[in-house]
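These are the residues of each chain, in order.
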Amino acid sequence: MIAGFSGLTDPPSYSYEPIFYDVDYAGNELRAVALTLPFSRGRAQTDIEVIVAESKEARYTLTNDFMITLTGLMVVTGLLAISIALMAIHWGLAPLNAVSQALRQRSPNDLHALDDNAPKEILPLIQSINNLMQRMRRSIESTQQLNADVSHQLRTPISEIRALTEMSLKTPSQTPAHTSLREIQRIAEHASHTVKQLLKYAKTRSELIDTSHLEHVDLIAICHDACAQTAPNIYQKNQELAFDQYTAIPSILGDPIMLRWLVTNLIENASLHAGGSVVYEGVITVALATDSDKVTLTVSDDGTGVDEEQLPKLTERFFRHNKHFPGSGLGLAIVEQIATTHSARLYLGNRPQGGFEVTVAFPIA
Amino acid sequence: MNKSQSIRSRLLIWIGVPFTALAVLALVSSHLLLSRQINETFDNMLLNAAQRLERRLYTVNNDLRINMHYFSVSTLGSRGEGKIFYRLNTHKAA
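Here the protein sequences come in this chain order: C and D. Positions 0 to 364 (numbering that gives the first Met the number 0) are the ones given, in order, by the first sequence. Positions 0 to 93 (numbering that gives the first Met the number 0) are the ones given, in order, by the second sequence.
If you're looking for bench data, these hints aren't it; they were derived computationally from the structure. Hints are supplied without guarantee of correctness; some may be wrong.
Footprint (simulated), chain C over chain D, 3 or more residues, beta carbon under 8 Å [claimed, not checked]: (1) 10 to 18; (2) 22 to 28; (3) 38 to 47; (4) 52 to 62; (5) 82 to 90.
Where is the CB? At the ideal position from N, CA and C, for every residue including glycine.
Produce the entire structure from the sequences given, and follow the hints as far as they go.
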């Protein structure tokens with residue numbers, strides 16, 4: 000050995016070409032190169048071997064530096080890419096969001112077509128929805144038209160029959176035909192009432208009413224109107240009509256015509272059926288009261304009441320609890336429909352002191 | 000994939016997963032390429048150092064001597080953490 004560190008490991012082979020190899024020396028991982036070259040020393044030929052070894056730390060450090068920079072760049076690029084992707088998704092899905100928002104914001108009974116100025120990917124969806132809505136609108140319109148036509152076409156002949164029987168009954172003769180005429184008059188009156196109720200029932204079907212068109216209404220005025228409208232009949236039957244309202248009543252959102260139908264139906268219902276098998280002769284009370292978040296309308300009587308087990312059936316169509324007096328069987332069904340349209344709760348029950356009571360609780364507007 | 004999964008999460012998954020996989024692949028291949036390039040460069044410098052050391056050998060009266068004055072080995076490791084070892088010896092010619 001001429002000079003250097005004697006402990007350095009020899010190369011794995013012997014060659015005049017440079018040999019690279021890995022060594023461990025004094026606890027260091029080293030990369031070594033062995034260079035062998037022929038050397039003439041006088042006549043003797045000797046080979047000189049030069050071994051230079053360097054620790055690998057520098058390589059590792061450099062690689063790590065590069066990798067850390069690269070990873071950092073990638074993380075930044077990745078975050079940027081995710082933000083761009085999120086924005087792209089947001090803007091790409093905007094038309095879908097617009098459609099779902101338009102559907103969510105409209106009232107459940109609004110059947111107008113959606114704006115079809117939309118990307119071609121969702122255009123078929125919008126067109127299908129619009130077609131469906133158009134078909135539903137037509138179907139509803141034809142149902143309403145049919146109801147109106149039938150009722151109108153029936154009302155006129157029934158009125159004519161009533162008028163004719165009334166005129167015929169004015170003749171003083173007491174023939175058997177007279178008895179038949181009276182029966183015809185009774186049936187015609189019943190038919191006329193039923194047709195009217197059917198028409199009201201058809202008009203108040205809650206799924207056909209666009210609740211966005213409800214307005215602020217004054218229940219007191221509506222109750223006054225309904226009382227005034229029904230009072231002549233009530234007094235004719237020797238019944239009494241009372242209207243109680245002790246506090247100021249806030250306005251509610253509603254349709255004034257339908258609400259008047261609701262009150263008149265309740266009053267007529269009480270007037271007709273409160274007595275059970277005999278004609279009722281007592282007081283019918285219409286009361287308005289206000290609670291923290293609702294206005295309650297109560298129509299009650301002092302009559303015979305209703306069997307408890309029959310109570311749930313009262314709002315069914317054509318269910319008649321009291322068969323002693325004529326009725327269409329639609330009165331309370333109409334009341335229930337109108338209450339549903341106004342998001343009001345309907346309570347039917349017997350009063351503890353006797354009699355029947357219907358309470359409608361409207362939410363305050 | 001669940002039919003009712005939201006379009007937003009579908010898009011995020013379909014964009015995110017392949018790009019993450021690509022990024023990992025790019026990092027692994029960069030690491031391999033980089034370490035090969037760096038090893039080659041360092042090997043060349045090591046060889047260079049060995050050759051310069053060899054050039055400092057001279058003979059005086061058939062005696063082999065080495066001029067170690069001002070001899071330096073430059074490395075890329077700029078922080079000076081690298082260690083250099085060397086050995087010079089003679090062999091009988093093969």
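Evaluation of the provided hints:
Residues of the stretch 10 to 18 of chain D lying with their CB closer than 8 Å to a CB of chain C number 5, which satisfies the three-residue condition for coverage. Here's how the stretch 22 to 28 of chain D fares: 3 of its residues keep a CB closer than 8 Å to some CB of chain C, so the rule of at least three is met and the hint holds. Check result for the stretch 38 to 47 of chain D against chain C: holds, 5 residues qualifying (beta carbon to beta carbon below 8 Å, three or more required). Proximity of the stretch 52 to 62 of chain D to chain C, defined as three or more residues with a beta carbon under 8 Å from a beta carbon of that chain, is established by the 5 residues found.
By the rule of at least three residues with a Cβ nearer than 8 Å to a Cβ of chain C, the coverage given for the stretch 82 to 90 of chain D holds, with 9 such residues.
This entry satisfies every hint, going by the numbered hints stated previously.
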